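4 protein chains.
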Amino acid sequence: MSGNTLGTLFTVTTFGESHGPAIGCVIDGCPPGMTLSETDIQPELDRRKPGTSRHVTQRQEADTVEILSGIYEGKTTGTPIALLIRNEDQRSKDYGNIVDTFRPGHADFTYWNKYGIRDPRGGGRSSARLTAPVVGAGAIAKKWLQEQYGTRFHGGMTQLGEIEIPFSSWDFTAQNPFFAPTEDAQLIAKLEAYMDDLRKDGDSIGARIDVVASNVPVGLGEPIYDKLDAEIAYAMMGINAVKGVEIGAGFACVAQRGSEHGDELTESGFATNNAGGVLGGISTGQDIRVSMAIKPTSSIRTPKRSIDKQGNPVMVETFGRHDPCVGIRATPIAEAMLALVLMDHALRHRAQCADVT
Amino acid sequence: MSGNTLGTLFTVTTFGESHGPAIGCVIDGCPPGMTLSETDIQPELDRRKPGTSRHVTQRQEADTVEILSGIYEGKTTGTPIALLIRNEDQRSKDYGNIVDTFRPGHADFTYWNKYGIRDPRGGGRSSARLTAPVVGAGAIAKKWLQEQYGTRFHGGMTQLGEIEIPFSSWDFTAQNPFFAPTEDAQLIAKLEAYMDDLRKDGDSIGARIDVVASNVPVGLGEPIYDKLDAEIAYAMMGINAVKGVEIGAGFACVAQRGSEHGDELTESGFATNNAGGVLGGISTGQDIRVSMAIKPTSSIRTPKRSIDKQGNPVMVETFGRHDPCVGIRATPIAEAMLALVLMDHALRHRAQCADVT
Amino acid sequence: MSGNTLGTLFTVTTFGESHGPAIGCVIDGCPPGMTLSETDIQPELDRRKPGTSRHVTQRQEADTVEILSGIYEGKTTGTPIALLIRNEDQRSKDYGNIVDTFRPGHADFTYWNKYGIRDPRGGGRSSARLTAPVVGAGAIAKKWLQEQYGTRFHGGMTQLGEIEIPFSSWDFTAQNPFFAPTEDAQLIAKLEAYMDDLRKDGDSIGARIDVVASNVPVGLGEPIYDKLDAEIAYAMMGINAVKGVEIGAGFACVAQRGSEHGDELTESGFATNNAGGVLGGISTGQDIRVSMAIKPTSSIRTPKRSIDKQGNPVMVETFGRHDPCVGIRATPIAEAMLALVLMDHALRHRAQCADVT
Amino acid sequence: MSGNTLGTLFTVTTFGESHGPAIGCVIDGCPPGMTLSETDIQPELDRRKPGTSRHVTQRQEADTVEILSGIYEGKTTGTPIALLIRNEDQRSKDYGNIVDTFRPGHADFTYWNKYGIRDPRGGGRSSARLTAPVVGAGAIAKKWLQEQYGTRFHGGMTQLGEIEIPFSSWDFTAQNPFFAPTEDAQLIAKLEAYMDDLRKDGDSIGARIDVVASNVPVGLGEPIYDKLDAEIAYAMMGINAVKGVEIGAGFACVAQRGSEHGDELTESGFATNNAGGVLGGISTGQDIRVSMAIKPTSSIRTPKRSIDKQGNPVMVETFGRHDPCVGIRATPIAEAMLALVLMDHALRHRAQCADVT
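Chains as they are written, first to last, in full-length UniProt numbering: chain A, 1 to 357; chain B, 1 to 357; chain C, 1 to 357; chain D, 1 to 357.
These aren't lab readings, by the way, just hints derived from the structure by calculation. Please note that the accuracy of each hint is not assured.
When the alpha-carbon atoms are kept at most 16 Å apart in a straight line, the in silico EDC-like pairs for lysine to aspartate or glutamate are as follows [stated by the list, open to error]:
no., chain 1, residue 1, chain 2, residue 2
1, D, Lys75, D, Asp46
2, D, Lys75, D, Asp100
3, B, Lys143, B, Glu260
4, A, Lys200, A, Asp40
5, B, Lys309, A, Glu267
6, A, Lys75, C, Glu264
7, D, Lys75, D, Glu147
8, C, Lys75, C, Asp100
9, B, Lys309, A, Asp40
10, A, Lys75, A, Glu147
11, B, Lys200, B, Glu317
12, A, Lys309, B, Glu317
13, A, Lys309, B, Glu192
14, D, Lys309, C, Glu267
15, C, Lys75, C, Glu147
16, B, Lys75, B, Glu38
17, D, Lys309, C, Glu264
18, A, Lys75, A, Glu38
19, C, Lys75, A, Asp355
20, C, Lys75, C, Asp46
21, D, Lys143, D, Glu267
22, B, Lys75, D, Asp355
23, C, Lys143, C, Glu267
24, A, Lys143, A, Glu267
25, C, Lys309, D, Glu147
26, C, Lys190, C, Asp171
27, C, Lys143, C, Glu38
28, D, Lys75, B, Asp355
29, A, Lys190, A, Glu162
30, A, Lys75, A, Asp46
31, A, Lys143, A, Asp40
32, C, Lys309, D, Asp40
Nothing here was measured: the structure is a model prediction, and the numbers come from that model.
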């Protein structure tokens with residue numbers, strides 16, 4: 001209940017700090033009999049890992065995953081699956097200047113106040129590095145959902161700062177460093193130039209990320225407090241730096257009339273998808289559509305006013321290696337989170353409603 | 001785990017259907033020794049109850065609450081507090097025409113598919129009527145937080161359809177039927193006319209609601225999966241009809257730079273509140289600021305295409321008594337939800353960090 | 001997490017005090033589509049209710065149950081089922097003399113120290129009266145298990161004080177006031193005389209209760225911490241006055257050799273049942289066999305030394321209406337607890353292992 | 001919810017199999033600021049580890065623990081503490097003959113039926129080896145409870161087969177290979193001879209283990225379903241091979257009268273301890289006294305009838321390295337379990353009752 005476990009029936013309990021010896025997680029509740037090895041997990045970790053372009057942190061971490069348990073002769077056994085990722089590139093000295101001060105917009109201040117002690121090396125446990133085990137666990141959920149229902153996940157950046165990225169196709173997200181769903185080379189060049197300028201300025205920027213799950217079975221979600229959309233909102237808002245979450249039409253629904261918003265049903269399915277695939281907290285079988293706002297990184301070289309532990313005023317500039325836009329690497333994380341929520345609810349659904357046909 | 005319990009240490013388990021004999025909840029984990037009676041709870045229920053203006057449903061429910069347990073000589077004993085509200089005004093015949101069809105945008109379709117059976121009378125369990133017990137429980141959380149920390153809750157409507165409602169003061173929300181935080185009589189008149197037109201059209205409309213908690217202690221929230229903002233997003237997205245949630249700057253942060261977004265700290269506190277009172281998932285001590293999008297009611301008189309249980313195409317018009325804008329009565333619900341989340345995390349915090357000074 | 005909810009997927013949250021307005025529970029997780037009404041529940045409550053013979057408390061409570069939710073047209077809908085039982089016969093004045101003192105062997109002392117406040121009327125929440133909602137919930141679990149797997153429950157008293165009751169058949173437990181599984185009329189007469197003497201002495205006595213579940217599917221139970229036998233031990237030890245629990249051979253296994261204890265498997269099944277139907281925390285498909293020790297009632301007329309709230313020495317005699325042997329009415333409670341544990345694990349099993357054949 | 005997590009607020013999630021690459025656990029909820037290193041944990045692991053005398057399994061495992069997270073500059077930070085123990089001495093070939101058959105009295109049969117797949121190497125996850133991470137976690141709980149309340153834990157064997165071991169003092173448990181609380185050298189010699197004979201016979205034997213916690217604060221335990229004694233029963237029955245649990249007087253209470261059983265209170269405390277330190281599910285402040293029955297090891301050389309996976313009759317003899325009496329190494333495990341339950345409830349108590357004085 002200290003908040004390091006995600007999920008109810010398919011649970012992920014993570015551990016580790018950015019600059020400790022290792023990070024990892026224990027995944028509990030995976031059904032037995034599924035083929036699984038590190039080769040199913042590593043590709044997802046590779047999508048998230050640092051150092052893949054000049055627009056993300058230059059920390060060098062291979063993020064090589066080791067499965068410690070839960071597999072026998074290449075198959076899951078129904079027992080916990082532990083994933084271990086050793087930390088390799090810790091330059092803790094980079095963080096010397098923030099040991100006693102609080103970065104504006106960062107968890108430094110709140111961890112210190114909550115616990116009375118704080119591991120300042122790389123942000124300790126508050127580091128976005130802790131999303132790696134989640135991505136690893138998400139790879140398992142994705143595989144299971146794909147095998148059971150043919151569920152597929154897609155995601156990408158749809159806005160960087162003030163630059164909107166019109167959606168073209170998910171096919172293109174792997175072809176640029178931003179997970180942008182566009183083949184517009186000029187737009188990509190514009191995004192690259194934007195990031196280069198930002199880096200020169202020692203500043204950071206926000207982003208909008210969209211994720212979609214297709215081929216989701218109807219009936220997932222538990223009313224009235226573990227609604228599927230409520231759990232998705234929880235999962236997404238729990239990703240570092242997320243400040244807003246929308247399902248389907250999202251905030252646009254404020255100005256919609258009921259005659260416009262409600263998705264009509266026809267013999268061949270729903271005519272529109274304002275609901276984003278969830279009605280009354282339960283999946284409709286349509287695509288689950290989620291959008292989220294990611295704030296700019298708080299660790300920037302631009303000096304800002306802050307205080308130290310004693311409450312004295314100081315100016316803070318953060319050196320070390322940081323992502324100037326944490327939104328860039330957020331796509332695989334958001335996909336993983338969505339997969340984890342869906343798998344958890346798939347198991348919950350069959351517990352109570354196994355007999356419903 | 002079937003989703004009818006909210007919270008971890010301060011839990012609310014609700015029961016009931018819109019047109020069943022009663023609705024209510026069991027509240028567990030309330031600390032002992034707090035003075036409590038129905039008079040602490042009824043006023044909050046009265047803020048939410050139907051029939052208070054021509055702009056909401058005309059169903060007549062006094063929503064009179066009875067405390068069944070957990071109180072001895074006027075004080076909480078640390079044992080479960082059960083609240084009971086009898087349903088009084090059930091005109092189930094109003095719903096005869098939707099027994100076999102699915103209202104576009106409504107949970108009818110998903111409940112049917114999930115459970116294979118559905119109580120269609122007034123929406124059954126999916127009815128917003130089920131927020132009444134939550135509001136009752138929230139009154140207890142509000143009282144406790146007020147006594148412990150002086151925490152106060154405010155909320156109101158900041159947009160109705162396309163009409164924005166500029167914030168003036170929370171003092172005015174009780175003086176108009178919309179919980180609008182404005183004393184602008186012309187604007188209120190405009191909102192009333194807007195609603196009257198809508199009702200004549202047999203249509204419905206969305207709204208934006210903001211809620212704020214002040215005097216929140218620093219340190220509440222559990223990283224890294226039960227972050228305070230993640231739990232708030234879960235709670236708010238779990239309210240009927242909510243499609244989007246923002247904390248602090250929300251989606252505006254997409255276009256913000258780090259140099260702008262990160263709230264500077266000074267000797268006299270934070271200089272701004274883009275964070276909305278949460279950093280790294282933990283409360284900063286600033287106001288918690290939440291905004292949410294509420295979709296238009298799906299039960300409207302305007303005919304829409306749908307299908308029946310056999311999959312045949314039908315046209316659906318919904319009669320009976322419905323709120324043309326569920327956002328109008330959402331304010332006390334959202335305040336209650338926020339109070340429940342904060343109280344839960346206050347108890348969680350003192351479990352683990354009781355010794356931190 | 002304040003301990004008023006039993007179960008993980010099939011949960012029972014109880015509320016109420018012995019002399020408050022009502023007791024009851026919310027049952028969550030019941031699969032949809034099962035026929036259910038009060039007539040399925042009342043007979044089990046009648047087995048437990050007070051006043052059925054001169055050997056139990058003479059408090060007059062009809063224990064009439066009302067279902068408040070979760071049923072539509074006679075069938076469960078998958079939503080919470082709330083049960084309400086109004087208290088009728090509260091003679092709270094009987095308890096006046098124990099308001100400020102602690103009965104030896106009673107929860108008076110610990111509730112006072114834990115909460116700093118205590119409802120002394122009839123023991124408040126610590127009263128065995130609070131097992132009534134559990135028996136009601138157990139009736140639902142029994143019905144579901146019977147329909148799904150043909151599971152049957154039996155139980156009875158196998159020892160009263162020093163008098164052992166040799167097992168003859170479960171068929172006889174309904175034919176005497178002790179739930180004794182014997183047709184030996186002389187033995188029953190001996191038990192009656194024993195109880196009459198005890199009552200004259202103003203004293204109480206312990207008992208041993210056995211319960212058995214037959215036709216339990218193989219595979220229920222979650223290693224390695226929610227083992228089926230661990231959960232049964234938790235459930236049984238949680239019944240008021242239980243001080244010991246055994247599964248299968250129980251304490252007799254201390255003096256057994258492995259060559260004797262391990263139940264051999266043959267083509268036609270297990271040859272013996274030392275395991276009590278559980279191996280490695282998972283059901284074997286054999287009868288689940290549980291035995292428990294129930295301490296003598298602490299509320300007795302015999303004077304004993306105690307202290308008052310101020311710590312001053314006092315002599316305590318308890319008047320009012322009490323069971324001289326709480327073990328007598330324990331059988332339906334223990335059966336209910338066993339049914340609740342099995343149903344919970346049946347749902348848990350199908351969540352994770354639905355595909356195992 | 002798949003049963004690999006122990007506790008509610010202070011949780012231990014274990015992973016690993018007997019012959020996999022590693023075993024370990026994630027401990028969540030430890031309060032921040034406590035000095036902690038491997039040297040606090042290793043001594044407890046050494047008490048449990050195999051190969052310490054000729055009466056236990058000869059498998060050679062150093063059980064060296066590595067802390068992977070949750071510590072900064074020698075102190076706990078409030079974040080998860082992961083413990084890793086690499087498996088070193090896996091002779092999986094020893095188990096070749098039980099891959100397709102089920103040992104009588106062993107979890108082989110039930111794991112196979114539950115999951116449809118089973119790691120047979122050394123019992124896989126059902127191995128008592130998985131108690132090592134629990135002992136590691138228990139060391140942390142012991143340290144915290146000692147620092148907070150001066151709580152101390154003792155335990156030992158009080159019966160081996162039919163040989164009773166009269167209690168002399170806990171001081172002697174470290175001076176013999178059985179954790180026997182006696183200085184009677186002749187009795188120890190008798191136990192050694194008994195075990196030597198047993199080993200020659202290729203058989204195994206049961207044992208009784210007692211554990212005691214002293215200096216336990218009053219008020220721990222949550223009525224009415226997470227009673228302290230219910231949780232202890234759950235924890236102890238969850239230890240491999242336990243078939244019975246008693247608190248205080250245990251089964252002896254069946255033949256006790258209320259006038260004898262109820263512990264009188266005097267100005268200087270309780271006069272007796274039939275309750276075993278728990279009344280109404282809440283600690284009284286007296287010693288918590290627990291006793292448990294441990295069945296004989298099911299892996300024995302003596303041939304027994306069984307079946308193979310296809311249901312054909314076979315004779316099973318188990319070779320490999322096994323404890324002829326698993327009760328011998330059970331003492332540190334039972335102490336650890338008791339410590340984990342108490343720490344969990346200490347945190348739960350301060351969540352709800354922090355203000356009670």
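Item to complete: Enumerate the violated hints, using their earlier numbering and listing them in ascending order.
Response: 1, 2, 3, 4, 6, 8, 9, 12, 13, 20, 21, 23, 24, 25, 26, 30, 32
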